[in-house]
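One-letter residues, chain by chain:
2 protein chains.
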Amino acid sequence: MSTQVFSYQQLADFTVRVFKAIGCSEEHAQTAMRSLLSADIRGIDSHGVARLSGYVRLWEVKRVNATPDIRIVHETPSTAVIDGDSGLGLVIAPYAMQVAIDKAKQVGTGWVSVRNSNHFGIAGSHAMMALEHDMIGWAMTNASPLVAPTFSIDKMLGTNPICVAAPAGKQPAFVADLATTTAANGKLEILQRKSQPTPTGWVQDKEGNSSNDPHILKQGGALLPLGGDREHGSHKGYALGAIVDLFSALLSGANYAPWVPPFPAYVPMPAQQPGKGIGHFLGAMRIDAFRPAEEFKQSMDHWIEGFRAAQPMPGEEKVLVPGDPEREMEAARSKNGIPLLETVVKDLEETGKKFGVSL
Amino acid sequence: MSTQVFSYQQLADFTVRVFKAIGCSEEHAQTAMRSLLSADIRGIDSHGVARLSGYVRLWEVKRVNATPDIRIVHETPSTAVIDGDSGLGLVIAPYAMQVAIDKAKQVGTGWVSVRNSNHFGIAGSHAMMALEHDMIGWAMTNASPLVAPTFSIDKMLGTNPICVAAPAGKQPAFVADLATTTAANGKLEILQRKSQPTPTGWVQDKEGNSSNDPHILKQGGALLPLGGDREHGSHKGYALGAIVDLFSALLSGANYAPWVPPFPAYVPMPAQQPGKGIGHFLGAMRIDAFRPAEEFKQSMDHWIEGFRAAQPMPGEEKVLVPGDPEREMEAARSKNGIPLLETVVKDLEETGKKFGVSL
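Protein chains in written order, with full-length UniProt numbering: chain A, 1 to 359; chain B, 1 to 359.
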């Protein structure tokens, strides 16, 4: 598939103009843009500008409120629940993360559960806000039900990612950002576009049989929890996805399990929803609430250098540390620009046309 | 293999007497016994009394201090670091969890990182302490290096478990307790005793090739992170195990990565250890720091009932909720007693003989 290369600034300008066109304030448009483009620059193409038209369509069907009144509805010194007023998760999650950081400054840690939100982009974008404060950042979110728990054929959970970001000293930060499924939905979409089979253990068909068809979700199939099947620990991936759901939605009063609102605006909302919007969970832990930050960072450097020095298996160049591939991608794309598939470019152009904004 | 059945009380009496014989106070002996036997009663046989002789051997080589001065070395309103003074993790972890619970009562959440400890038994035992306080409990620990990160042949991490326990209303509590590997080491030990092959994806040989030999760790092989290989998401299991290591050891000043002390007393300590003992991480979150506990529990019931009602795949009886198998085992063993393998019985008898304590 052919691609076209854009600079970060080109995509940033376009994205801000689109968000402003749907009614976002300048500040919200900038924040939403930064959340969204952090995916493109880090190489997680499924969660970046390729989704811009999706957010616009959610606004068109009145599922996204461009001028939300984001507010804390309950709090203690180390916790808060935030109601996002149906705003963009791309704006609500950074707001919630800032609340977590402020609480961590006061009492050591801050933990914020969010309801009434929408898709928040990549978890890493929010968790990494903690780094410059010498804090460890956490971000989780629930998502549209695409995943069948172990032994089930019903789709009960989203790909429910977990991100933990921890600062190091001379070494770059540790950033683990992972969907709790064998493969993220974005990886499946890449195989769909190429019409290539999935590896065994990624998806099952509507009867729960192992499948290699990347289109199987449209035929009643499901993504599988990390582990793939019971023998390979899928009950652990299922449990991790469940933990994310509990923290993101049951602590906040958002929708959970199969009742989470679907991302595509054309998919009807589930009946009898038990909560409001989708849910996130953000956390910040001040390093020096445990140990002097310099000591911790020296240990992190030692830890990271130990893993980089581990013996690779024959045929592999090196052992990676969580965050390495995305950081390398960010360095390359900052220099060389961000390649977008022609289908994505066309989609952006059509979205821009709605508002007289050109790419 | 033949087994012999004991009542919980029989094993409890014996275990307390052994811990007292090595010098533990009555209170510590009782606490250590409860931590240890919570594994047997819940069916996690690898982490229960079968390990008692191992703890005694660690005491014999002076790696376990039976009369530790467990103390808080640093704290903020929501955090603490505890030095376990080389005591039994079975005693230190409940102490640390109580500190987390007390902090959660004050400021909403409490988070405690522990250094200078030893093996703490099952994570679930400690996390579940939060439940009676209407709190969510967390427990993690690092452990002897048996796991090769993705692309590596070096064993760099332990099976580093994560447990999250959350209360429900009419339904039993949600308890997810999982090693961050495809299979826990205990599962491997069961296959070793039966000389049966492991499923593919559990272990690799010393060159990083896939293996089905349950004895392969003795020949330079390694356990694999949850996911098994890169294509099936082993980088996610690796990242989760790394997160556990960071929270348990890098926040506390314990040993980490390949420097974690081995459980078997005959295995020499790694050279140039960067910290003290092994590390744990315990957390408590007061539900009503987020939302009225009754509302949360009603949602938990709804969540759990939704998963129990999910359609099982053909050939499977029902969809389980994390914690179900262990709770069912606990009910059965409370009634019928705890079966121990003859080899374990013999090992306990020999341990007892050292101190004139009979089983």
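These aren't lab readings, by the way, just hints derived from the structure by calculation.
Any given hint could turn out to be false.
Every beta carbon over 12 Å from chain B, so not counted as near; a handful from chain A, in silico [to be verified]:
hint	residue
1	Glu27
2	Pro225
3	Ser234
Computed spacing ranges between beta-carbons, pair by pair [what the hints assert, rightly or not]:
hint	chain 1	residue 1	chain 2	residue 2	range
4	A	Gln219	B	Tyr266	24 to 32 Å
5	A	Glu132	B	Glu207	16 to 24 Å
6	B	Gln10	A	Gly43	55 to 63 Å
7	B	Gln98	A	Gly23	27 to 35 Å
Heads up, the beta-carbon is just placed ideally off N, CA and C, and yes, glycines get one too.
Going down the list of hints, with the structure as the test:
1. Residue-level check passed: Glu27 of chain A sits 27 Å from the nearest beta carbon of chain B, beyond 12 Å.
2. The claim that Pro225 of chain A lies off the interface is violated: its Cβ sits roughly 10 Å from the closest Cβ of chain B, which falls inside the 12 Å cut-off.
3. The non-interface label for Ser234 of chain A is inconsistent with chain B: the shortest C-beta to C-beta separation is roughly 9 Å, within 12 Å.
4. Between Gln219 of chain A and Tyr266 of chain B the beta carbon distance is about 56 Å. The supplied range of 24 to 32 Å is therefore violated.
5. Here the CB-CB span from Glu132 of chain A to Glu207 of chain B is close to 42 Å, at odds with the stated 16 to 24 Å.
6. For the hinted restraint 55 to 63 Å between Gln10 of chain B and Gly43 of chain A, the CB-CB distance of approximately 59 Å keeps it satisfied.
7. Range check, Gln98 of chain B to Gly23 of chain A: about 51 Å between beta-carbon atoms, so the 27 to 35 Å window is missed.
Checked against the numbered hints given earlier, the structure breaks hints 2, 3, 4, 5 and 7 and satisfies all the rest.
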